[in-house]
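For chain A, the structure is supplied; the task is to place chains B and C on it using the hints.
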Amino acid sequence: MVTLTADRVSYTYREKPVISDISLQVKSGEFVGLCGKNGSGKTTLLKCLGHILSPRGKVLLNDIDLISMPSLVRAQQIGYVPQSVHGRIARSVFDAVLMGRRPYITWGISAHDLDIVESVMELLGLLPFAERDLFEISGGERQKTLIARAIAQEPAILLLDEPTSSLDLFHQLEVMEVIASLVADQGIAVVMAIHDLSLAMRYCSRIVLIHNNRVVRDGPPADILTSELIADVYQVDAYLSSDGGIPHIVPIKAAYGA
Amino acid sequence: MILKPGVALSIPDTSSKGRSLTRIYLRDKIQKIILMGGLIFLLLLLLCISITVGSAGLTPGEVGMTFISSLLGSQTNSYSTAIVFGLRLHRVLFGACAGFGLAICGAVMQGILRNPLASPFTLGISSAAAFGASIAIVCGVGIGIWNEGFIVTNAFVFTLLATMGIYLMAKRRGMTAETMVLAGILIMYLFSAMTSFLQFFASAEHNQEIVFWTFGSLSRTTWEKTVAIFTILVFSVPYLLWKSWDINALAEGDEIAKGLGVAADRTRALCMGVISIITAGIICFTGTIGFIGLVAPHIARMLIGADMRYLIPISGLIGAALLTGADILSRSILQDQIIPVGIMTAFIGIPFFGYLFMRVRREYW
Amino acid sequence: MNRLIILLLAFVLCSPVMAGLPYDTNSDNTISSDELGSAILKNLETNDPVSSDLSDAAWIYWHWNGTPLTVTDTANQTIILEKPVHRLVAFDGSTLETLRSLNATDLIVGVSKNTHDEREFFPEFQQTPSIGTVWSPDMEALIETRPDTVFIYGSISRDSVQAIEEQLKTLDPSIRVLHFDLFRPEIYPDEVIKVAKILGKEGEAQAFMDFYEPVMSTIGERIASIPLNERKTVYFESWNAYKSAAPGSGYHEKVEFAGGKNIFADATNPYPVVDPEAILRLKPEIVIKQVGAGESNVGGYNDPNAKQLVPVYESLLNRTGWNTLPAIQNGNVHVIHSDILGSASHFIGLEYLAKWFYPDKFSDIDPIRTHIEYLTRFQHLQYDPETRGGFVYP
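Protein sequence lines, in the order shown, are assigned to chains A, B and C. The first sequence begins at 1 in my numbering and counts up by one. The second sequence begins at 1 in my numbering and counts up by one. The third sequence begins at 1 in my numbering and counts up by one.
The following block holds chain A by itself, in its conformation from the complex (with noise of 0.2 Å):
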């Protein structure tokens, strides 16, 4: 059982305050969907819990600040995925993906590094890739390399930067359902910041709804998705539905001055 928990988690840029004052919990098991508008602060939450970013207040993995954890070892309990690559760079995908096993590898490559990427490769339908760069495939098939690499690090804590933006729909069904699956059989904790709310309603355990640079909710879907709670924080109306057992969002229209 892995927890990991932020306690009063501030970052300013700029003098800006992005996020204010954030203190919440994810166990293993759950598979946290972090909702709000564009801007509201979902991408530095993730990067001050994955430490990417050094945030005011503090993050804690099991009782243990994550600042006087070693990098390496916190690399292999939490996998961060970003939503795009930053620099161009000439590298097969599975050169990609194998970098995810750099918090093991002390000098050389070992025969299980390579399983490991294997199978999370198979897993992720990249096996047909593995020798192409990883800037001719499609944005699509990009994004799930990074994945890849993440869950190659063997994470217990797995932290997607809406890693279903740029998938088609077959594709977007695919990695939720490899991440639900593993948080269902392996256990892993998941925290994924994503903007398709039926998508979020469908899959995640738990939603944080974040607005003006606070947690405003934090429950179960279905108490969260709401159509008052999507006016209020989105400005957009909407109303709830249910097809052949599966809650989808419908949005209406976009409410100004609400």
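Incorrect hints may have been included.
[Unchecked claim] Listed next, the in silico BS3-like pairs over lysine-lysine satisfying Cα-Cα at most 25 Å (straight line):
| id | chain 1 | residue 1 | chain 2 | residue 2 |
| --- | --- | --- | --- | --- |
| 1 | C | Lys-169 | C | Lys-113 |
| 2 | C | Lys-283 | C | Lys-169 |
| 3 | B | Lys-225 | C | Lys-243 |
| 4 | C | Lys-232 | C | Lys-197 |
| 5 | B | Lys-171 | A | Lys-16 |
| 6 | C | Lys-283 | C | Lys-232 |
Keep in mind the hints are simulated off the structure, nothing from the lab.
Showing chains B and C alone in chain A's frame:
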């Protein structure tokens, strides 16, 4: 207290599917090792050619005999011994080390700064060294006999000063790649301007010396200098190789690198420090030899991609081969005269690089 | 506008005085004895002080036969001088040295910056204003000295010289610029005679030539008697390591004049940077190393003892592989200072070279005596090169 990986992820074992990836990985690795072997062979060939080139009128056979008889410890012709061991051998070895060092500095630089135009001189290193040398030439020369030690020390010191300046600037503004590149440009222009200022007031002789120094030359090598640069490489190259995973991660972005457990800022700063020492250690003796640090990594990248574990040694071998080839040319074009090697590196490298650049089809950056 | 009219008037009024020879009343470009005589008589009658024009006229009559002097200088330019030289600026030390031999130093009003650095050799010019150097001239200082004539290089640094000339033309077109090298042996006698004629120092020039020419002709004649295939091979190195001299440079000509065979006589540029291996291959019999500037700025008149040349000598002996050279094995390595090889004193250096190349043919020549005589009789310098200064080693 180290956290044991409690309920960490365990991936289902799919080994029954066969080790297709393992095959790819091994084949890839073997290809690169064969390439390295080929480059080592090429380099040795060039070194052998280089040691037979010169104005002394020795045939290759005579050069070979000199080696053999010194190995056997027998009496040697003092003329050919003086030529081969006293003049040529240390020049040839120094050139190979210098080419190797400059190339790996360029490769690492391009990785951690995420910039294809980066070279060991991007941080203004060559401008600072040239300024240090100019000061020594203008002040030191003219007081008694030529003080080469002063020039060498000054060039080295100013290089490290420049690096320190960039480090301090980056520390204040954030140790990102972009900050370092900008700080480097600032330093480069600052030292260039100061050198020009100095040249304005210097005599014609001093100016000629300064310009000659900036051409880059292997003519002032000695055994001691060769040992010095070899020692620097022996300590720094394994360190950079050890960091190659981290540099691979940095090349994709600081956030990805941090997510993989790389201390991005510290790694960048440490690598810059090591690069400065290697580069300073080379150019304080030779003057600025350009082009190799920029182009050798690109050639290597076109051949094997951007994996630092192989890019570092292969760039190094290519750089060593380029500089040795340039040195062969610089000693054989004019009868009895030596053209500064820094001039020849561009003439050698440009056609080679241009050919590859035009022919390689896949994106290599 | 008013100022312009005044300037024009002044110009018009002055021109009869500026243009043409003084007191050339019939404007036939000659001061005849009649014209001069009547001018002198008129002056005696009026009891006025002798005007400068009158003394000039007398001078021209006496030295130039009453006609303007036409000179073709070393840059092949023809200048017509209508007035004698009263205020002279010399851009180079060799010029100054030659003027000292001609006893004409009272004309000097401006010297080069380098002259101020040579305290021992040019003590009397330390207070004379400096006008910079050919490559970095101080034009304001030059104009301030109000010269009427400037002596400058004829065959080197053409661009810098031309720049100075053009600036002078705009600043003061009345200043006459004459080009003389005064350090090249092959034209030195001609130049000395021309300069003497300009300055009216024919007697001094003759005395100096009586001293100079036998020195040079002795060397020339005895060398001519040595067949070409018996000439000694020489490696000449200038101030900087491995910088030699080849055809087109003065040093090459001097080496060959003294009877040496320059091992780099085939090089393509006048000052080649040579491959150390080539020296070992060509095995010169004699090595001459010049010091005095650049990397080896030691020795010369400012050097109190000759010891500064010794480290240079020893570093030559220690060069890699040089123990295989005949020059080292036979003790024929010499260090010489540019003060006696490269300037107007070149004849002293040439005596040293000839003596080193062919000691048996020049056993009667003593360069030190020549040096002493030169300094005493012509340079009027209290300096004993036997006990002071670093000029040659060993």
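Results for each hint:
1. The suggested pairing of Lys-169 of chain C with Lys-113 of chain C holds, with an alpha-carbon distance near 22 Å, which does not exceed 25 Å.
2. Between Lys-283 of chain C and Lys-169 of chain C the CA atoms are separated by roughly 52 Å; this puts the pair beyond 25 Å, and the hint is violated.
3. Annotation: proposed proximity of Lys-225 of chain B to Lys-243 of chain C holds, straight-line Cα distance about 23 Å (limit 25 Å).
4. At most 25 Å may separate the alpha-carbon atoms for a hinted pair to count; Lys-232 of chain C and Lys-197 of chain C exceed this at roughly 40 Å.
5. In summary, the hint linking Lys-171 of chain B to Lys-16 of chain A is supported, as the alpha carbons are separated by about 22 Å, within the 25 Å threshold.
6. Restraint check for Lys-283 of chain C and Lys-232 of chain C: the C-alpha separation of about 11 Å stays at or below 25 Å, so the hint holds.
In summary, the numbered hints that this structure violates are 2, 4.
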